[in-house]
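Engineer: Please build the complete structure, drawing on both the sequences and the hints.
Number of protein chains: 4
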Amino acid sequence: MNKVLRPTQQRKSKMTAPKPDAQRLTEDWWRTRIIDMKPGVIRYFGYPIEELIGRVSFAQMIWLLMRGELPTKAQGELLEAALMSAVDHGPQAPSIAIARMAATCGVGLNGALASAVNVLGDVHGGAGEQAVELYLDIARREEAGSAIDEAVKAGLEAFVAAHGKVIPGFGHRFHPVDPRSEPLLALVERAAAQGEVSGRYARIARAIEAALSSDKSKRIPMNIDGATAVIYAELEFPPPLARGLFCLSRSVGALAHAWEQTQQGGRIKGPIPREFIPSYIGPAQRAVPTSLS
Amino acid sequence: MNKVLRPTQQRKSKMTAPKPDAQRLTEDWWRTRIIDMKPGVIRYFGYPIEELIGRVSFAQMIWLLMRGELPTKAQGELLEAALMSAVDHGPQAPSIAIARMAATCGVGLNGALASAVNVLGDVHGGAGEQAVELYLDIARREEAGSAIDEAVKAGLEAFVAAHGKVIPGFGHRFHPVDPRSEPLLALVERAAAQGEVSGRYARIARAIEAALSSDKSKRIPMNIDGATAVIYAELEFPPPLARGLFCLSRSVGALAHAWEQTQQGGRIKGPIPREFIPSYIGPAQRAVPTSLS
Amino acid sequence: MNKVLRPTQQRKSKMTAPKPDAQRLTEDWWRTRIIDMKPGVIRYFGYPIEELIGRVSFAQMIWLLMRGELPTKAQGELLEAALMSAVDHGPQAPSIAIARMAATCGVGLNGALASAVNVLGDVHGGAGEQAVELYLDIARREEAGSAIDEAVKAGLEAFVAAHGKVIPGFGHRFHPVDPRSEPLLALVERAAAQGEVSGRYARIARAIEAALSSDKSKRIPMNIDGATAVIYAELEFPPPLARGLFCLSRSVGALAHAWEQTQQGGRIKGPIPREFIPSYIGPAQRAVPTSLS
Amino acid sequence: MNKVLRPTQQRKSKMTAPKPDAQRLTEDWWRTRIIDMKPGVIRYFGYPIEELIGRVSFAQMIWLLMRGELPTKAQGELLEAALMSAVDHGPQAPSIAIARMAATCGVGLNGALASAVNVLGDVHGGAGEQAVELYLDIARREEAGSAIDEAVKAGLEAFVAAHGKVIPGFGHRFHPVDPRSEPLLALVERAAAQGEVSGRYARIARAIEAALSSDKSKRIPMNIDGATAVIYAELEFPPPLARGLFCLSRSVGALAHAWEQTQQGGRIKGPIPREFIPSYIGPAQRAVPTSLS
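Residue numbers (this note's numbering), protein chains in the order written: chain A, 736 to 1028; chain B, 736 to 1028; chain C, 736 to 1028; chain D, 736 to 1028.
If you're looking for bench data, these hints aren't it; they were derived computationally from the structure. Hints are not guaranteed to be accurate.
No copy labels: a pair is met if it fits in one copy or bridges any two.
[Unchecked claim] Listed below are the simulated BS3-like cross-link pairs for lysine-lysine, each with C-alpha atoms no more than 30 Å apart in a straight line:
id, residue 1, residue 2
1, K953, K773
2, K900, K888
3, K953, K900
4, K888, K773
5, K953, K808
6, K953, K888
7, K888, K808
8, K900, K808
9, K900, K773
From a predicted model like this one, the values you see are computed outputs, not experimental measurements.
Structural biologist: Shown next, in the form of structure tokens:
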């Protein structure tokens, strides 16, 4: 998928060079395609920083660093939307609660951000990545000749068999309809109508939504992860970067909440008011044996 | 400085409400001005998410979450520039090296990002914050009636007395001239010429640069932290957010390098090639006493 | 395996209680068997802290908190050995290099420790956990009637089929023979001879070692992860705690190195000397297009 | 204070050696007194690992790695007590809440531990370090000729002037009397009676407690941080290691709670039950301007 970054080939030719000395070995240990530095010179994938400043937005720079090329205008706009729409879902999310608690513990904003982003693991931060994988799998089934409904049915069955019944990107425990999904899909479909992206993954995601809703009495609509995954798939980001980019996006909420908490004050903020003591459900008081057997 | 977020006042009126019950207490423990959630509803500082999507860029959304209001067009563009210009300075920086090593240890990109961002502490990530504080101090001296050269001299002396000789935002151990500084300053000065920002902190920073270069035979030019600090000060971000926003920016580099390393492969990548063993400088071999005294 | 902690049952009966009020709900959200707190009272699994102090070692306390009961003397000693033997393997390990670099970045020792421990993921920190799982799988095959050699052969084949050719706990890229393995095994076998533990997992691990060495011209001996996994399996720790306990152990090395680096000084220590610049292997310099297509 | 580790001197002599080559430079970049590794050889401060296994406890190993020498039996026992007594104070502490929440987010126990330990910053984890500094300051005043009461009074005044009214190590927002303090002090005083430690810092801490209680109607008794700080000061650990060792100790509680939560199950556990929504205290709904000014 990600055809831009292919360091393996380049590396090989380097390795056929005459016996490297210690300095060469050390420098090669940290070889990179991303940044070219010399005193007074910084270039990202060949572009001098002084030419990028003032002409490239933050989101376009994110694209450049992940992909090795600059995006088209339309690609950049879709990436903006995916990044700006997932910044925060409030302090009920563990990541955000962690950012706020950390801010009262005497670590800098960097530390609050780190403890928060760290928990965007497979369960809390992985739905976008998994949804992209699901879409790609269904797309492969279509390419192999299945009609879309069959491809969706088979893709969902394969997913459930491998990972269980929670379909990433669909359903929300709080929102009956996620207000972020439809506006994001509309952006993708507009870009597809203009030939800027394929529109294929929007179709697949809508077909999944339809399949999930027909299967059950209760509708299971696409959520923010499902909708941003459509964008990431349309933009041909490899699945792990769907998680990586979500981490960048949610970092914004973590930072905002850490900062708000800093201003509200408080020391060593726990999860619940101090009046409340966690329930103890273990053994009653007992004596320590005088010596261990 | 940050007049937008002032939760204390609002909180007080809430607290004069009739005796809160347990649920109220619990919900108030996590009160926020940032996000208003109801089933099917997400609003950031009052703005419904479905109206923001497609109209607000990632950087503008970052502004909204930090400040509580949307930026002007000019403010948003300066923020874009500050964020996009500091994304990466290569794997010699410990944060980036950490991101790359982490990527080979069997943690997700979230974990690699967290270990990396975490080290953007007072020394590695704090220069921007400290530079904003220095600029604000010099501005206060000017307001109190000092001429700019005197204000700079007094501000630098006070800084050195309190924190030592490393002036944050000036000088670079690698670049004789930082190629990012001048283009960033030019953006600020253009915005100032158009009345969009004051231009005051650009002036102060240039005066610091001049003072540092006159003091010594060797020029000590403004670096990326000094230049982005000019932008953050012009945009009236409180100093700790200069660090917070730098963390968001450098997260992009950390993610890009973690991902590049993932593609290069490797398991448990250490800092130096395996052929090299760290120098041991401790005691020679000795016997463990048969029992501790 | 871990029969001590079984909160599910207890929880159920709680949930049949009459409709809980908001305070109850909040307190139950954080229910625990580990610690019982009241003003002036702290008990761990029922044992008052004032009775534990002076009578229970750090390692025995670790056992109590993980298992809910105090260990026997022999169990405590084996746990001491597993914990003390894995504390450090030098700054070539990414975790330790990270601790040292972090210590120069202006974060506290807590931050250095966090960034370091965080990377003890599936690859860098998971070998012990995976080795325990492998031993348990082979033990189940024995219980189902296989002779040990068959059980080992089948277990290894199943492991390789599922996870690839790197057998966790065996072989070392630096040590031809790991000097920690034999002394640890000897402790287990002595405890087994005294009837304190079964000795079964020592047998299984030795059989794996024999099988791996017969398969290849090159011997693949048990390493520290394989040997501590024998101890953890003998002590009936569930596999994830083999990783958790390794994290506690390696935290010691991370702390020691962070502290040594603090004393050596340095600011923003990167992975290689500043004289060396990472190799750039990307595109040559190119111009930024005047506007994105 | 910490006379064991003094790499600076040793380094100097090294640096007078003839011009180092690239390999030497690279290896020296990671020089250490802690571990000496060669293929088949691991020694900590000169002690071969195979001689340490079975003879040295986990706590004694911790001492060796921090100090460069093995402890006496009495020193080792006091360190055991300091480490085992501070392992956990329940899920109301942000560190422990974070460990539990992280465990439901799809990161390994290493990740849960990292996010938790990370927040043991100046406020949540620094009281022990600050208490050691306070004790050392008072001891220096005694050495300079002050009577203990005067030294305590002057030390407290200096502390309050520099850091504010919260005296680290004294008072507890939950326990009127901390049940851990007296048993820990008793261990120190017994060791002092046997000439194993000076007993001086126990005296100082008791004098602080007396001074704080006489100053106010409400008694402000020594807490766990004040008591373990007595031990760390008696054992001549430098203040930052008081925090570092507390991090090791509290890691045990974080691991135990992360593991208990893993067994209780749950996905993406937030700080409060889902029935409760954080209080929103920001602006009412408003329209996004059609374009930014």
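Engineer: Would you mind marking each hint as holding or not holding in the structure?
Structural biologist: Quick rundown of the hints versus the structure:
| no. | hint | verdict |
| --- | --- | --- |
| 1 | K953 - K773 | between (60 Å within a copy, 19 Å between copies) |
| 2 | K900 - K888 | within (14 Å within a copy, 35 Å between copies) |
| 3 | K953 - K900 | within (15 Å within a copy, 46 Å between copies) |
| 4 | K888 - K773 | neither (54 Å within a copy, 33 Å between copies) |
| 5 | K953 - K808 | neither (39 Å within a copy, 43 Å between copies) |
| 6 | K953 - K888 | within (18 Å within a copy, 49 Å between copies) |
| 7 | K888 - K808 | neither (35 Å within a copy, 46 Å between copies) |
| 8 | K900 - K808 | neither (38 Å within a copy, 45 Å between copies) |
| 9 | K900 - K773 | between (52 Å within a copy, 26 Å between copies) |
Taken one by one, the earlier hints fail for this structure at numbers 4, 5, 7 and 8, listed in ascending order.
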